[in-house]
Amino acid sequence: MNSLLYIIAVILIIGWAIGVFFTAVGGLIHVLLVIAVIAIILGILRKPTAV
Numbered sequence: 001m002n003s004l005l006y007i008i009a010v011i012l013i014i015g016w017a018i019g020v021f022f023t024a025v026g027g028l029i030h031v032l033l034v035i036a037v038i039a040i041i042l043g044i045l046r047k048p049t050a051v
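Residue numbering for the sequence shown follows UniProt numbering, beginning at 1 and increasing consecutively.
By construction, these hints were calculated from the structure, which means they are not laboratory data.
Simulated restraints on C-beta separations: (1) Leu45 <-> Phe22: 28 to 36 Å; (2) Ile38 <-> Ile18: 16 to 24 Å; (3) Phe22 <-> Arg46: 28 to 36 Å; (4) Ile44 <-> Ile14: 13 to 21 Å; (5) Ser3 <-> Val34: 19 to 27 Å; (6) Val20 <-> Ile41: 20 to 28 Å; (7) Ile44 <-> Ala17: 19 to 27 Å; (8) Tyr6 <-> Val31: 13 to 21 Å; (9) Arg46 <-> Ile11: 17 to 25 Å; (10) Leu45 <-> Ile11: 16 to 24 Å; (11) Lys47 <-> Phe21: 29 to 37 Å.
Heads up, the beta-carbon is just placed ideally off N, CA and C, and yes, glycines get one too.
Let's have the full structure, built from the sequences with the hints guiding it.
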């Protein structure tokens, strides 16, 4: 599940980067960035810790 979150986050970040260069989409690109950052944070928080 964690790898799926990272894949989604990478896809969203790539979409954001493309949108920065092609600003036709506008605010939607920043929403994609926020979702990607949230996915990365959730992946880090849910990472199992070996004790």
